[in-house]
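J.: Sequence:
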Amino acid sequence: MINEKTIEKVIDELSFVQLKSEIKEENSVKHFVIETQTKDGLSPLEWKVAISPYYPFKVDDKEPINFFNTSLITYPHIMRSGFVCLHTPKVEDAETQFLIDLSRLKEWIDKYYVRKEKDDHYEELVVERKLIDDIYYNFFYTDTSNEFPHGDYGTVDLVMLVPGCHDGKRMDTFLANTFNSKAHNAQNGCQWEQGLQRQIKFEGIYCFLDKAPSVYDKFIIELYTDMSSLFSWSQMEFLKMWSQKKHDAKRVPLFCGYKIPNGETRWQVAMLKANDFPIKSEKTRCGGRPIINNVFTKTLIDWATTYNCSYNYFFGRGSLPSKVAEKKILIIGIGAIGSMVATTLVRCGAKYLDYYDVDLKEPGNICRSDYDFLSGVSDKTYELSSILHSISPFVQCEIPSKALDSGIKQSIDNEGIKKTVQEVLNRYDIIFDCSTDDGLMYALDKLNLKAKVINLSISNHANEIVCAIGSNIAKTIKLLFSQLIKSDTTDMFYPTGCWSPTFKASYNDIATKLQFAMKHIIGMLSAAEYESSFYISETQDGMTINRL
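In this text, residue positions in the sequence shown follow this note's numbering: the first is 358, and each later residue adds one.
Simulated from the structure, these hints should not be mistaken for laboratory data.
Beta carbons are placed, not taken as given, at the ideal position from N, Cα and C, and that holds for glycine.
One should not assume that every hint holds.
Unchecked claim - Listed next, with one range per pair, are the computed distances between beta-carbon atoms:
1) Asn650 to Leu518: 37 to 45 angstroms
2) Arg674 to Pro401: 34 to 42 angstroms
3) Glu392 to Met358: 20 to 28 angstroms
4) Lys861 to Asn903: 20 to 28 angstroms
5) Gly398 to Glu550: 56 to 64 angstroms
6) Asp770 to Lys835: 17 to 25 angstroms
7) Met900 to Leu376: 34 to 42 angstroms
Said to hold, decoys possible - Calculated cross-link-like contacts (lysine-lysine; reagent style DSS-like; alpha-carbon spacing at most 27 angstroms):
8) Lys575 to Lys539
9) Lys807 to Lys766
10) Lys381 to Lys366
11) Lys568 to Lys616
12) Lys680 to Lys637
Generate coordinates for the entire structure from the input sequences, incorporating the hints supplied.
T.: Here's what the structure looks like:
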């Protein structure tokens with residue numbers, strides 16, 4: 358906590374700020390008023406200040422100090438309650454932190470109040486998360502196949518995702534799948550992976566508006582009556598008609614769509630009471646004739662939380678280079694290495710990923726691969742499909758025929774089979790061979806594929822991981838394991854049953870080197886690095902890439 362003397366000392370040291378009241382404490386929070394200078398000809402600004410007892414530290418991601426001025430609510434970064442959102446750098450010393458906070462406040466004044474600057478990036482509408490019938494509601498949406506016509510309205514097909522929990526309360530999340538226009542008798546599909554579009558379970562309604570349902574272009578409207586001017590006569594007629602239907606659910610989601618300055622679409626969702634829509638019919642006159650007009654009642658809006666999950670936002674924090682994300686990729690062998698390669702690529706934004714394996718996922722596989730225990734025993738391909746779609750709603754996956762392995766190996770001696778296999782495999786841009794199958798590795802070399810083939814192998818105890826890329830992969834692998842890599846073949850793990858022994862290595866052992874290798878593989882695939890085979894080794898000084 359910062360004490361009164363420190364507050365007074367810091368303020369006295371700054372020429373642009375003055376203390377204008379006593380420092381009072383209520384419920385351990387310090388309150389006082391300051392006045393900040395602006396520029397010649399402009400009056401000073403008065404701010405109410407509140408400093409929490411845990412200052413200078415954040416608690417539960419809440420700022421420990423707030424500056425309030427409700428008269429500035431139209432300016433950028435002033436919240437509905439009047440405090441300015443500054444996001445200052447944090448230090449451990451309270452005195453230094455207070456100096457930083459006041460200096461950042463002055464920067465805000467100069468930039469937004471004095472110079473009237475606007476941010477280049479769009480600020481999303483502020484919507485407070487709240488309980489609605491003891492449930493937190495969330496809605497995901499993404500880009501659609503087509504633009505929405507002016508004044509459009511209709512129904513929304515929704516998929517319910519796995520329920521969650523927040524502060525001990527239920528949290529339901531729905532995904533918008535298809536917008537069915539009643540105004541234009543057309544469908545507008547969301548650009549999720551097609552598997553999601555086959556799981557329609559719920560229905561909402563939508564109206565596309567000319568303007569955002571906002572106050573000062575930053576706060577969501579709170580009363581339905583304040584939205585009356587945003588809805589057309591036809592849209593209100595549609596809502597009135599929908600209010601007369603019988604609904605099984607307690608709430609009906611109303612999607613309110615609008616364009617933002619860069620042309621993107623945004624959605625806010627109002628949760629209408631199913632049997633008590635906030636709409637009434639009024640008699641009025643138009644052109645001297647009586648008509649019935651549908652209007653909103655003065656009712657508080659229960660806004661749900663919405664998330665823009667379009668591809669560029671979903672992977673906005675970091676993704677594969679676009680030239681790699683758009684490639685068609687096949688992974689052969691989805692055990693420890695192959696499953697990690699698959700989840701890594703999908704988590705980084707890969708859009709087209711197929712995978713092949715004939716093995717079952719069994720309990721012993723789980724400790725060092727990206728599979729789950731609760732899913733029991735299953736084909737690796739079946740389970741990986743579920744896992745990858747649970748990571749990304751944008752990945753398209755297919756499982757090649759189980760005859761692929763035999764076809765590749767028979768292609769060595771059969772020209773007809775060779776052509777068929779080449780046609781299948783040349784549909785891909787990149788093939789990862791993670792099978793550790795020497796015969797498959799040899800046969801792939803002989804196919805002379807257009808696709809770029811990348812072989813990933815690992816030594817016992819994961820001391821090294823090998824990446825062979827390009828042609829003559831079998832020769833490269835044999836050279837490395839016979840001359841450069843000394844793999845201990847005596848200390849192997851012998852599973853139960855009549856199986857071949859397998860290498861020993863934990864998930865961490867494999868993942869650390871594999872992710873390092875994948876970083877360089879992605880670099881080569883995107884032309885950021887020159888292409889070469891390599892192996893990753895480790896010393897006390899860290900991991901090293903050894904290029905051939």
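J.: Take the hints in turn and mark each one as holding or not.
T.: Consistency of the hints with the structure:
1. A beta carbon spacing of about 39 angstroms between asparagine 650 and leucine 518 agrees with the range 37 to 45 angstroms that was offered as a hint.
2. Remark: the range hint 34 to 42 angstroms for arginine 674 to proline 401 is upheld by a beta-carbon distance near 41 angstroms.
3. Evaluation of the 20 to 28 angstroms hint for glutamate 392 and methionine 358 yields a pass: the beta carbon distance comes to about 24 angstroms.
4. For lysine 861 paired with asparagine 903, a C-beta distance near 22 angstroms keeps the hint of 20 to 28 angstroms intact.
5. Roughly 59 angstroms separates the CB atoms of glycine 398 and glutamate 550, a value that falls within the hinted 56 to 64 angstroms.
6. Here the CB-CB span from aspartate 770 to lysine 835 is close to 22 angstroms, well matched to the stated 17 to 25 angstroms.
7. Taking the beta carbon of each, methionine 900 and leucine 376 are about 56 angstroms apart, not inside 34 to 42 angstroms as hinted.
8. Proximity of lysine 575 to lysine 539 is assessed by CA-CA distance (about 30 angstroms); at most 27 angstroms being required, the pair is judged violated.
9. Between lysine 807 and lysine 766, the direct Cα distance comes to roughly 18 angstroms. Compliance with the 27 angstroms bound is thereby established for this hinted pair.
10. Using a Cα cut-off of 27 angstroms, the hinted pair lysine 381 and lysine 366 holds, with the two alpha carbons roughly 16 angstroms apart.
11. Note on lysine 568 and lysine 616: the hinted pairing holds, with a Cα-Cα distance of about 7 angstroms set against a maximum of 27 angstroms.
12. Proximity of lysine 680 to lysine 637 is assessed by CA-CA distance (about 54 angstroms); at most 27 angstroms being required, the pair is judged violated.
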